[in-house]
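Starting from the structure of chain G, add chain E where the hints point.
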Amino acid sequence: MQQTDIALITEVLNGNTSVYADLVKRHQRFVFTLAIRFAKNREDAEEIAQDCFVKAYRALGTFKQNAKFSTWLYTITYTTAMTFLRKKRLSMQSIDEEESLVQLQNHISDYDADAFDKKSAHIYLNQAIDMLSPDDASIITLFYKGEQSLEEIALVLNMESKTIKVKLHRARLRLKEKIQYLLKDEVKDLIR
Amino acid sequence: MNVEDQIWDYIDGVCSDTQKQEIETKIANDISFRKVYEELKAIHTLMDATDLDEPSMSFTRNVMEQVNLEIAPISLKTKVDNRIIYSIAAFFILSMLSILIYALANTSFSTSDFKMPSINVKVDLDIDASTKRIGLQIFFFVDIILGLVYLDKFLRKKMQVKSGL
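Which chain is which? The protein sequence lines are G and E, in order. Under the working numbering, the residues of the first sequence are numbered 7 to 198, in order. Under the working numbering, the residues of the second sequence are numbered 2 to 166, in order.
Just chain G, same shape as in the assembly:
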C-alpha cells in the first residue's frame, strides 16, 4: 500500500531522509509542469523544479501537517518560479503573441487535418497554454492537473479565492481563443 505524504514526511523528520526520494517521485511531474509554465523551456524548468524540492526539504520541519503537502509544495514552486522570472528579467505579461502565432501558424501549415489525433491535440493545447501569461497558465494547470480547489489555489498564489475564480474563467476563455485561432474554430474536433 502506498504511504501518504504525511507518513513519508514523518519518516524523513525522524531521520530516514532517503524516503524523501519517494515524495520527489510522487510530485516531480506536476512541479516540473508548473515550472515549465513559467520558464517556457525544459532546462530552466528542471532547474526550478530541483530548487523547489531542495527548498521544500530544508523547510520540511516547518510544514504544518494539517494542510495538504501538495498545496505547500506548489506555493514553493510558484514563489521559486517567480523569483526565477524576476532574475531573468522576463516580463510577467504573456509572451509576444504575434511572434508566437506566426510560429504556430507555421506549424499548422504542415498540419494535416485527417491525421489529427489526440496526441497532436495535446501538443497544440500545450502550445496554446504557453502563449498565456505565467499566472493564467499556472491557475489552469493547478486547477486541472494539480487537484487543487479554488481555495487551495488562492493559498498557493496568495490571492482571494474569488479573484482566482474570476482569473480561472478569464484564463480559460483566453485559452479557448488561442485554440480556436490555431484550429480554425474546430475546438470540438479536439475531443473526438
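Check each hint, because a few of them may be wrong.
Taking lysine-lysine and the DSS-like style, the derived pairs with C-alpha atoms no more than 25 Å apart in a straight line are [as the list claims (entries may be wrong)]:
1) G:Lys-151 / G:Lys-171
2) G:Lys-171 / E:Lys-27
3) G:Lys-93 / G:Lys-61
4) E:Lys-36 / G:Lys-182
5) G:Lys-151 / E:Lys-42
6) G:Lys-31 / G:Lys-46
7) E:Lys-42 / G:Lys-171
8) G:Lys-171 / E:Lys-21
9) G:Lys-182 / E:Lys-42
10) G:Lys-171 / E:Lys-36
11) G:Lys-151 / G:Lys-182
12) G:Lys-182 / E:Lys-21
13) G:Lys-168 / E:Lys-42
14) G:Lys-168 / E:Lys-21
15) E:Lys-158 / G:Lys-70
16) G:Lys-182 / E:Lys-27
17) G:Lys-61 / E:Lys-159
18) G:Lys-70 / E:Lys-159
Hints are computed from structural coordinates only; laboratory data are not their basis. Note that the structure is a prediction, hence the values are computed from the model and not measured.
Then chain E, alone, in the frame of chain G:
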C-alpha cells in the same frame, strides 16, 4: 454573470441546484447557448485529459544528491496536548470564580457598615532549625536530580539528530 461564467460554474459543478436546472433547460432549448456550452465543455475535457510533462530520468537522483548535502530537517512543531491547556484554563477559571463567589458572599452591601471581605487563616507552624535544614537539603537534592534528568534527555536528543545526518 455572463453566459460563459454561468456555463463554467455549471461545468465545474459549483452552481446551485436551481441554477443547474436553469442552465440544463437553456442547453436543451437554446441553440446559441448550447454551442457555447459545447465549446467550453470541449476545452474542459481536453484540459482534463492532458498529460503532465515528464522531467529527465535523472531528476530524482539529482534532487537527492543536493538533498544529501543539506542538514536533515527536524520537526519544529511542538506537540501540545490540548487537554493540558484546557485543564490549566479550567483550574484558573474555577479558582477565580471561587474567590469571586466567596468575596460576594462575605460582602455587606449596606453603605453604613461596608467592609471589604477578609480571609482569616491562622498559620501556626512550629518548625525548628534542624527540620528546616533537612527540608532545604531535600529540596536542592530533588532539583539537582531533575536537572540531571533534563540534561540527559537533551544530550540524547542531540545525539539522535547527529546520528540521523
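Cross-check of the supplied hints:
| no. | hint | result |
| --- | --- | --- |
| 1 | G:Lys-151 / G:Lys-171 | 16 Å, holds |
| 2 | G:Lys-171 / E:Lys-27 | 23 Å, holds |
| 3 | G:Lys-93 / G:Lys-61 | 17 Å, holds |
| 4 | E:Lys-36 / G:Lys-182 | 13 Å, holds |
| 5 | G:Lys-151 / E:Lys-42 | 16 Å, holds |
| 6 | G:Lys-31 / G:Lys-46 | 22 Å, holds |
| 7 | E:Lys-42 / G:Lys-171 | 17 Å, holds |
| 8 | G:Lys-171 / E:Lys-21 | 18 Å, holds |
| 9 | G:Lys-182 / E:Lys-42 | 11 Å, holds |
| 10 | G:Lys-171 / E:Lys-36 | 23 Å, holds |
| 11 | G:Lys-151 / G:Lys-182 | 18 Å, holds |
| 12 | G:Lys-182 / E:Lys-21 | 23 Å, holds |
| 13 | G:Lys-168 / E:Lys-42 | 22 Å, holds |
| 14 | G:Lys-168 / E:Lys-21 | 20 Å, holds |
| 15 | E:Lys-158 / G:Lys-70 | 22 Å, holds |
| 16 | G:Lys-182 / E:Lys-27 | 21 Å, holds |
| 17 | G:Lys-61 / E:Lys-159 | 24 Å, holds |
| 18 | G:Lys-70 / E:Lys-159 | 23 Å, holds |
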